[in-house]
Amino acid sequence: MARLIPKMIVKDIALKPERDTAKFLVDGLPDNVVVYHSYPWLRSERNDKNGKVTIREGEADFVVVIPELGFLVIEVKGGVIEYDQKEGRWYRKLNQGKRREIKDPFKQASGNTHEIKKRITDHAFPQLKYPPCAFGYAVIFPDCDYQGTVAPGSDSAIILSTKDLPYLDRRIPEILKKWCPSNPSPMTKEQLKCIRRALTSTFSLIPILSRQIDEEEESLVRLTDEQFRLLGFLQSHYRCSIEGVAGSGKTLLALEQAKHFAKQGFHTLLVCYNKTLAQWIRNSLPPEGSFIDVYHFHGLCHLLCKEAGIPFSPPNKNKSKFFDSVAPNLLLDAVAILGTKYDALVVDEGQDFNSDWWLPLEALCHQEDKAPFFLFYDPAQKLFVEKIGLPNLGHPYTLNINCRNTRSIASKCASIRNMDIQVQDSAPTGMDVEMFICESEEEQKKKCESILKEIKKGGLRSDQIVIQSPFREPTLFSSNKIAGFTIVRDIQKWKDGHGILYTTIRNFKGLEADAVIMVDLPEPNESSVFSLNDFYVGASRAKHFLAVLARSPRVIDAMKKNLVSDG
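Just so you know, the numbering used here puts 136 at position 136 of the sequence shown, and the rest follows in order with no gaps.
Don't take each hint at face value.
Below, simulated BS3-like cross-link-like pairs (lysine-lysine); rule was C-alpha separation at most 30 Å, straight line [stated by the list, open to error]:
| id | residue 1 | residue 2 |
| --- | --- | --- |
| 1 | 118 | 103 |
| 2 | 263 | 387 |
| 3 | 193 | 178 |
| 4 | 259 | 163 |
| 5 | 317 | 275 |
| 6 | 107 | 163 |
| 7 | 117 | 7 |
| 8 | 163 | 98 |
| 9 | 447 | 560 |
| 10 | 117 | 23 |
| 11 | 193 | 118 |
Simulated from the structure, these hints should not be mistaken for laboratory data.
Taking the hints into account, I'd like the entire structure generated from these sequences.
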């Protein structure tokens with residue numbers, strides 16, 4: 001029994017003449033024969049006079065591929081058919097003595113054969129003028145027999161009628177042999193494979209990464225709106241703390257709260273730990289931003305000490321002690337000279353603030369420890385203090401629903417910290433997180449280049465892509481180019497589209513990107529700059545696409561649990 005393509009039950013073929021023909025072809029021909037039914041073709045045709053390109057289309061009723069011989073194109077003309085010799089035209093007889101003109105079946109078969117032969121040659125044997133096998137055509141009249149001389153452009157050898165149907169297993173190979181001037185040689189396995197590949201479409205729809213991200217982004221934006229509704233509830237409070245998992249929208253909510261204070265006429269101080277995050281927030285300020293000052297904590301200390309004429313000089317050694325303890329005391333001294341400046345205070349990344357920092361921050365406010373104060377933090381993202389020490393702002397409100405990451409990325413982040421992260425039912429599943437163990441720098445570089453090439457094919461822009469590492473210097477890249485992208489280190493150049501951003505995990509904390517590649521990851525806690533918290537922070541920066549290139553299998557093991565749940 002021959003194989004029918006498209007795969008279907010013969011009795012489901014709509015037209016009876018084609019259904020009857022298909023039955024005898026499939027039942028009679030051997031297993032190694034492939035029968036293509038309703039094989040379509042399209043061809044672009046250029047008009048030499050005006051250069052206009054038009055599309056021609058056609059369809060062969062059947063194409064039969066016989067490995068030992070070649071392929072035969074079959075045109076089926078059902079019903080009562082007649083040829084008017086005086087007019088040189090073909091007709092199908094209808095009821096009540098009427099008739100309708102039809103196309104010349106032999107010209108149709110010839111034209112279809114030419115197009116299919118061209119497709120096979122162009123796609124499978126471009127170096128040849130003709131396919132390396134026998135090929136030709138035949139016309140079947142399943143409801144008629146014929147008598148007399150044949151019509152012009154035809155030959156009795158290629159005409160099949162109702163009486164031939166039961167013998168198609170014999171008649172089809174016979175006709176195909178007659179199209180070949182010499183005894184045809186069997187096709188090689190490779191030739192047969194090429195012909196089938198040319199006839200069987202390899203067309204596939206490849207999801208474009210940029211379009212997939214656009215669609216997922218719509219869902220994530222809707223989730224962010226739900227977080228803002230919580231903030232609307234909290235805005236009846238003047239002092240409160242909000243604890244939220246990575247991806248719960250804390251930074252956006254902090255900015256929204258600062259804008260709310262500013263609209264009330266409050267001169268508002270928004271402080272975070274990360275210098276890069278402060279720059280991003282500052283660039284995101286709306287027109288009412290003139291009422292909002294944004295700083296990272298140590299930048300604020302430096303600026304106000306300068307205004308107050310107080311030296312601010314971190315030593316070459318033991319800088320951490322200076323920034324943890326000395327800097328906040330210098331800030332207090334500056335406040336004593338300059339006086340209070342703000343009506344309201346908003347702090348993001350509060351988990352990384354030293355307990356000594358709250359006093360000078362509140363001292364900057366006119367009402368000091370009674371001033372409006374919103375604090376956002378996540379204990380799991382603690383990177384710079386041994387112990388979290390937060391001011392007493394009452395019982396914290398919680399944001400435990402992730403609204404930044406796809407479900408797939410949120411699941412991996414949850415695994416790293418062995419915690420349950422909830423996502424909304426409507427959160428997109430997203431692409432699987434890609435994880436690779438690459439022990440050598442060369443392996444990592446090749447894998448990173450490969451990933452970036454695929455991302456580039458997906459249509460992502462450079463300002464959507466970030467490469468993160470625990471280490472400041474990009475040991476994987478000997479130049480500022482990779483996979484056709486420029487590598488930049490400045491976040492503003494990245495946002496302006498000058499290249500993909502290379503940054504440390506800690507420097508990018510609080511920010512996000514559509515696609516993140518984490519590289520050069522050592523075993524967790526092997527390095528002072530890469531703990532499980534660092535891993536969690538870095539992975540959660542990726543909104544839609546995340547690839548992890550690790551030196552150690554323990555990094556990959558940390559991501560293999562599945563702890564994400566629906567909200």
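How the hints compare with the structure:
Only pairs whose Cα atoms come within 30 Å are accepted, and residue 118 paired with residue 103 is accepted, the gap being roughly 22 Å. The hinted pair formed by residue 263 and residue 387 fails the criterion: a straight-line CA distance of about 35 Å is larger than 30 Å. With a C-alpha separation of about 24 Å, the suggested pairing of residue 193 with residue 178 holds against the 30 Å cut-off. At roughly 87 Å between alpha-carbon atoms, residue 259 and residue 163 are farther apart than 30 Å, so this suggested pair is violated.
With a CA separation close to 21 Å, the supplied pair residue 317 and residue 275 stays within the 30 Å bound. Taken as a hint, the residue 107 and residue 163 pair is honoured in the structure, with Cα atoms around 23 Å apart against an allowance of 30 Å. Annotation: proposed proximity of residue 117 to residue 7 holds, straight-line Cα distance about 23 Å (limit 30 Å). A hinted pair counts as satisfied when its Cα atoms are at most 30 Å apart, and residue 163 with residue 98 qualifies at roughly 26 Å.
Under the criterion of a C-alpha separation no larger than 30 Å, the hint pairing residue 447 with residue 560 is consistent with the structure, at around 20 Å. Distance hint between residue 117 and residue 23 is fulfilled; the C-alpha atoms sit about 25 Å from each other, no more than 30 Å. Between residue 193 and residue 118, the direct Cα distance comes to roughly 17 Å. Compliance with the 30 Å bound is thereby established for this hinted pair.
When held up to the earlier numbered hints, the structure conflicts with 2 and 4 and fits the remainder.
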